[in-house]
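4 protein chains.
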Amino acid sequence: MALQFTIPEMTAYLDKVFPQVQGMFGIDRMDEDLLIMRLHNDERHLRPGGTVSGPAMFSLADVAAYVATMARIGPQALTVTTNCAIDFMRKPAAGVDLLAHARLLKLGRALSVTDVLLYSEGKPEPVARANLTYSIPPKG
Amino acid sequence: MALQFTIPEMTAYLDKVFPQVQGMFGIDRMDEDLLIMRLHNDERHLRPGGTVSGPAMFSLADVAAYVATMARIGPQALTVTTNCAIDFMRKPAAGVDLLAHARLLKLGRALSVTDVLLYSEGKPEPVARANLTYSIPPKG
Amino acid sequence: MALQFTIPEMTAYLDKVFPQVQGMFGIDRMDEDLLIMRLHNDERHLRPGGTVSGPAMFSLADVAAYVATMARIGPQALTVTTNCAIDFMRKPAAGVDLLAHARLLKLGRALSVTDVLLYSEGKPEPVARANLTYSIPPKG
Amino acid sequence: MALQFTIPEMTAYLDKVFPQVQGMFGIDRMDEDLLIMRLHNDERHLRPGGTVSGPAMFSLADVAAYVATMARIGPQALTVTTNCAIDFMRKPAAGVDLLAHARLLKLGRALSVTDVLLYSEGKPEPVARANLTYSIPPKG
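Residue numbers (the numbering used here), protein chains in the order written: chain A, 1 to 140; chain B, 1 to 140; chain C, 1 to 140; chain D, 1 to 140.
Source of the hints: derived by calculation from the structure; they are not laboratory data. There may be inaccurate statements among the hints.
Given that identical chains are not distinguished, each listed pair holds provided it fits within a single copy or across any two copies.
In silico SDA-like links for lysine to any residue, alpha-carbon gap of 25 angstroms or less [stated by the list, open to error]:
| # | residue 1 | residue 2 |
| --- | --- | --- |
| 1 | LYS91 | VAL80 |
| 2 | LYS91 | ARG103 |
| 3 | LYS91 | LEU107 |
| 4 | LYS123 | HIS101 |
Owing to the predicted nature of the structure, the values given are computational and were not obtained by experimental measurement.
Kindly produce the complete structure, drawing on both the sequences and the hints.
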C-alpha cells in the first residue's frame, strides 16, 4: 500500500501534532515493509541502573505504531491507541539509541494492528516487543 | 500481607530511586486491599485535543504496580516490569489529575501481577485498564 | 444498563450459537454489576499434572466476555473477540469447577472491554486474570 | 541454539504429554529460526459463520510457543504458560488448516517469550498474532 508521507513530511507532522516530544524521536526508514524509528539516548529516560525506562520504551513503540498507521491513512489527528501489550525482555544497553522495528499487520476501516521489536542500537537481540492497536476515526 | 512501607516512606523511596520523576506522582491510599496513586495534572503530558498522553497513563500504571509490589517485598531496586497490557477506553477529562486504583493479584517468589484501573478524578468510569507483571530478583 | 437476557434465555442462546460447547458452561449470576460463569470440571481439559488447560481457561474467559457484552446489546452473532491478554497465575485446583467473574468496563459503539478473574471453586485467590475486547458490528 | 528434538521426537513427546489433543496439531518445520505448526481443519472448532474459534487459535499459538521453548530446553513437563496476548485480526478461511509461525524472542533462565503469527493455509495475511510467555521451572 502506497505511503502518504515522505520521512521529512512525517517528521514535520510529528513536530506539529506532538510539539512536547520534538526532537525525541527520529525516523531511519519508512517503507511499505518496515518502519524503523529511534529514541535518542537522553538522560531524562533513565531508570536505576542506567537503562532506558519502561515508559520511554512504551513511548517509542507507541509512536512507531502511530507513524506506521498514519503513513498509510494520511494525517488524522484523532487516531488513538486503544490497546498495547508489551514485554520487556532484556536490559537495554547504556549510552546508545533505542530502535523500533515496526510492521503493520492489519489496516482495517476502524483499527490498525502493529507489531514492534525494540533494539539497543548495535545489538542483535531485541530488548522488548510490543503490539499496538490504533482506532481510526470514521471518515467524516 | 503486612506492608513494608508507610506512605511517607514510600514517597521518599520513590524520590530517591526515580529522581527524574520527583513530584510527578502522589500516593492517596496504600493498604493491603488497594493502592491509589495520582498523576498530577501537568502540561507536559498532553496529547492533541488536551488529553493525557498514552505514555503518561502507562507511566502511572507502571509506577502503581511497582509501588504495590514494593510495599509488600520491601526495597529491591532491581525489580523490573516484564510485561504490561493496557487498554485505553475513554478520553481522560481535561484539567484534572489521573488516579490509578491498583490491586495486587499475585505475589510469587519470582513474579507479581497487578491489575490497575485509571480514572480521571471525579469521574465514575475508568479511562484505562492495565495489568502488569514485575519480575522480583532472587534473594541474594 | 438494563440487560437484554435472563439467564435461561442466555443459556438457550449460547446452546443455539455454540452447539459444539453445549453443556460445557453454566451461568451462576448475571446482573449489571457482575457476571459469574462456570466451566464444568471435565477430563477433556486436563493438562499434565491434573490442572485445567490454558486453552480451557481462555475459553471460559472468552465466553464470559461474550455473554457480558451480549447481555447488554442483545443477540448479535457477528460480535467477535478482537483482543485478549491473559495471565495464568496459579495452578487450578483439581476436581472442581472453574468460575469466571466478569465485569464489563466499557461498552462503546464499536467495542466492549471486559475484565475477568478466574477462580477454582471454593478458593479465594484467582488462578488467572484476563481482559478481552469484543468488536460489535455496526447496526444495519 | 541447537535444538533438543527432531520433529518426530517432538510429535511423540506431545502425544505423550497431551494425549487429549493427539492428532490435532502437526509440525511442518522446526529449526532455530522458525517453527511452523498446523491445526488440522476440524469441525469441532468452528464458530458461527464457519470460522475457526478463538479458543482453537489460542490453543495453536499456545502449543507453538510450548514447542518452540521445549525444542531448546528439552522435555520439562512443568513448563507452563504465564501470559498471552492475542489479537484476532481477520476471519480465518473456511476449510483449510491454520498455520502458526512461531519465533522465540527470548530464552532466559526462568522465562521464554515467543511471537506467533497465525495464517489460514494459502493466504498471505495473518489472521491473528500472539505473544506468549512460558515459565521454565528451576533445574532440580
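Now the hints, each set against the structure:
1. For the homomeric pair LYS91 and VAL80, the shortest alpha-carbon distance between copies (10 angstroms) is at most 25 angstroms, but the shortest distance inside one copy (29 angstroms) is not.
2. Both within a single protomer and between protomers do LYS91 and ARG103 lie at most 25 angstroms apart by alpha-carbon distance, with minima of 23 angstroms and 20 angstroms respectively.
3. Proximity of LYS91 and LEU107 under a CA criterion of 25 angstroms is satisfied inter-copy only: 14 angstroms between copies versus 32 angstroms inside one chain copy.
4. For the identical chains of this complex, LYS123 and HIS101 are neighbours both inside a copy (13 angstroms) and across copies (24 angstroms), given an alpha-carbon limit of 25 angstroms.
The structure agrees with every numbered hint stated previously.
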